[in-house]
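Since chain Z is already given, all that's left is putting chain R with the ligands on it; use the hints.
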Amino acid sequence: MRELTYKDALNEALFQVMKADERVFCIGEDIGVYGGAFGVTAGLIEEFGEERVVDTPISEAGIAGACVGSAVTGMRPVGEIQFMDFVTISMEQLVLQAAKIRFMFGGKATVPMVLRMPGGSGTGAAAQHSESLENWFVHVPGLKVVMPSSPYDAKGLLLAAIEDDNPVIFIEHKLLYKTKGHVPEEMYTVPLSDTKVVREGRDITVVATSIMVNRALEAAEQLAAEGIEVEIIDPRTLNPLDEEPIIRSVIKTGRALIVHEAVKTGGYGGELVSRIMESEAFDYLDAPIRRLAGLDIPIPYNRTLEYHTVPQIESIVSEVKRIVRGEV
Amino acid sequence: MSISNYPKEQLLTFYRQMVKVREFELRAINERRAGLIPGFIHSCVGQEATAVGACAALNQDDVITSTHRGHGHLVAKGGEPRYMMAELAARQTGYCGGKGGSLHMTDFELGILGANGIVAGGIPMAVGAALAFQMRGEQRVALSFFGDGAVNEGAFHEAANLAGLWKLPMIFFCENNLYGEGTPQDKQAPVKDLSIRAAGYAFPGVIVDGNDVTAVYEATQEAVARARAGEGPTFIEGKTYRYRGHYEGDPMVYRSPEELEAWQERDPIAAFRQRLLEHKFASESEITAVESEIQSLLDEAVEFAAQSPQPTRESALDGVYGDTHEGRVF
Ligand SMILES: Cc1ncc(C[n+]2csc(CCOP(=O)(O)OP(=O)(O)O)c2C)c(N)n1
Ligand SMILES: [Mg+2]
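Those protein sequence lines, which keep their order, are chains Z and R.
Sequential numbering of the first sequence, starting at 0, is according to numbering that gives the first Met the number 0.
Sequential numbering of the second sequence, starting at 0, is according to numbering that gives the first Met the number 0.
Extracted from the complex, chain Z is given alone in its bound form (with noise of 0.2 Å):
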């Protein structure tokens, strides 16, 4: 089987959708000969030139403006943010203008794009340059947020996002770039709001996203080998959700953790446990649900602090053995 990084997944779909697809272009900072701040857009300009590798001044209100505009005019334009915290400067024209188009305008229009951009920690680069923060978009209807957490669904994800008639957000990992999966060769999509269950288990279900849901692997398996047998559900489209899978898993674990970077207050977990609270899984219930979250804090510098500051492999376990044994 061939093994990609999640990285080159991401290279491949965009290399393959601008083959296949004249209205595909990408768009954003130093994506050109710089390949982009990660690499992710590398080697695209050599094969599709600068009229489709679009190399931006420093000016994301500018990025996202010219995704919408171009969208409904019949492009399937491809941004990219350099990091997530930019994409604060772009907000207007997601929230405000690309949600609403088409409800707004009464079905009229399609804003067919896709916003990409790396979030998390993990990196030593402080506060402004390691921000999660999908949940702002969860907040608004008319965007879709999706957050890849492997090479496989990455590729797929991407390109699913393109095909999608709706505004996207792609919420890519700093520390998801390098890691390696089978990729199929070809072309091929992930739905958008497919939840997927990663890992089987009758003990718990830990419903993580991103980089979460390789951490909570990880966890599972140390946690496997003391007896206790973890289920992993992997959203990968935020909103709109895909809940059904989650709520089966709960009724049949009967506890559930919910395991994301972006810090607590007014996180994604907060959705996910009303969720499962308002579902028949409440009846089923034989713990409190209880979240693992990035603690309220800016992202610290020092390494240290950094690390400590969102959930890790050792918390999740320990997390986990908590409620498995009863204990919150």
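Be aware that one or more of the hints could be misleading.
Not close to chain R: a few residues of chain Z, all C-beta gaps over 10 Å, as computed [what the hints assert, rightly or not]:
(1) E2
(2) A36
(3) D54
(4) Q96
(5) T109
(6) Y187
(7) R201
(8) L216
(9) E243
(10) L284
(11) I296
With a Cα cut of at most 20 Å, we get these calculated SDA-like pairs of lysine to any residue [what the hints assert, rightly or not]:
(12) K166/R - K186/R
(13) K263/Z - K191/R
(14) K186/R - E50/Z
(15) K263/Z - S314/R
(16) K263/Z - Y320/R
(17) K186/R - V32/Z
(18) K186/R - G61/Z
(19) K186/R - K263/Z
(20) K238/R - D185/R
(21) K186/R - G34/Z
(22) K186/R - I44/Z
(23) K177/Z - D249/R
(24) K186/R - E45/Z
(25) K186/R - S58/Z
(26) K186/R - G269/Z
Keep in mind the hints are simulated off the structure, nothing from the lab.
By construction, the Cβ of each residue, glycine as well, lies at the ideal position given by its N, Cα and C atoms.
Okay, now just chain R with the ligands, sitting in the frame of chain Z:
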């Protein structure tokens, strides 16, 4: 103004400060390689004259905003290498207690409203500072440093309009080093001289040789005088060049070694050293004394950083909110 009109002490201070900036950067680069510094660094080697010349024209109580390439601004406004080095090393004794690192390293006491990880992020804040000074009738100015890349952000344009409209005591200081990351300036803006953008906001834009510390100093002095006289902002564009990559580790595929060499021939420090000697402002031995004084300062700084404790894990939880501002007005 001819260099002969400057007091000798001032010229030596320019020199000392520029050497301090450069040597700090070179030391930081080394210490990063050696493992003392865990984070990434955008060094300002080659751009010492803009930071030093501009800050020399400010008073202690004037404020600046800085950038991701901000070590030089901090040194030039009075920052102490030991606390800077400790911050880069992520230690408790660093300027930000190890929470900020290179991108956020600052000392508010010195009137530096932050280095900034966000391109153009400091410019609107400088507007606010200048507004506060104007409201309170103070004779203070706010100078915002930013790169050539920053003038393409909406934040710059809104800030420039506000400053022009309200005639704020503000200086827009653009360190035009011809590149924003890997993109040359001519692919970022349809104008060569970014200072002409000031015209749209009805204030003067001037160009200076950003590698000439006295030229930068004089241009800033003039802008400061205008600002203090209530005549509003000035845009100063210092043309300069960064010698090293955008960040340490940048493969620099986007520019030629010849271009770099051509700029290195106009090195701000070497050229100024030459002028000092030619005009007999300083003897070779006086100059080398300055240089070795800086070396010992940096030896001490590295030692201080290396010996400093790591922050405690609990310290990460401090300072998200605070009521310890003590009503301080910067
Ligand atoms: C809002 C925002 N967009 C993008 C970046 C990523 N970035 C950091 S520095 C930089 C280039 C800045 O160029 P310039 O303003 O010319 O400053 P220089 O690096 O040349 O000193 C970019 C794009 C950022 N930090 N903030
Ligand atoms: Mg620049």
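Results for each hint:
1. E2: holds (25 Å)
2. A36: Non-interface label on A36/Z violated, nearest chain R Cβ at 8 Å vs cutoff 10 Å.
3. D54: D54/Z not clear of chain R: closest Cβ-Cβ about 6 Å, inside 10 Å.
4. Q96: Per Cβ check, Q96/Z is outside 10 Å of chain R; nearest 15 Å; holds.
5. T109: Fine: 26 Å to the nearest Cβ keeps T109/Z off the interface.
6. Y187: holds (33 Å)
7. R201: holds (35 Å)
8. L216: holds (26 Å)
9. E243: holds (37 Å)
10. L284: holds (31 Å)
11. I296: violated (5 Å)
12. K166/R - K186/R: Not satisfied, since the Cα-Cα distance of roughly 31 Å exceeds 20 Å.
13. K263/Z - K191/R: The hint is violated at about 47 Å.
14. K186/R - E50/Z: holds (13 Å)
15. K263/Z - S314/R: The hint holds at about 19 Å.
16. K263/Z - Y320/R: This hinted pair holds, its Cα atoms lying about 16 Å apart.
17. K186/R - V32/Z: holds (12 Å)
18. K186/R - G61/Z: Roughly 15 Å between the alpha carbons, so the hint for K186/R and G61/Z holds.
19. K186/R - K263/Z: violated (41 Å)
20. K238/R - D185/R: With Cα atoms ~14 Å apart, K238/R and D185/R stay inside 20 Å; holds.
21. K186/R - G34/Z: Holds. K186/R to G34/Z sits at ~16 Å (cutoff 20 Å).
22. K186/R - I44/Z: The hint holds at about 15 Å.
23. K177/Z - D249/R: holds (18 Å)
24. K186/R - E45/Z: holds (17 Å)
25. K186/R - S58/Z: holds (13 Å)
26. K186/R - G269/Z: violated (44 Å)
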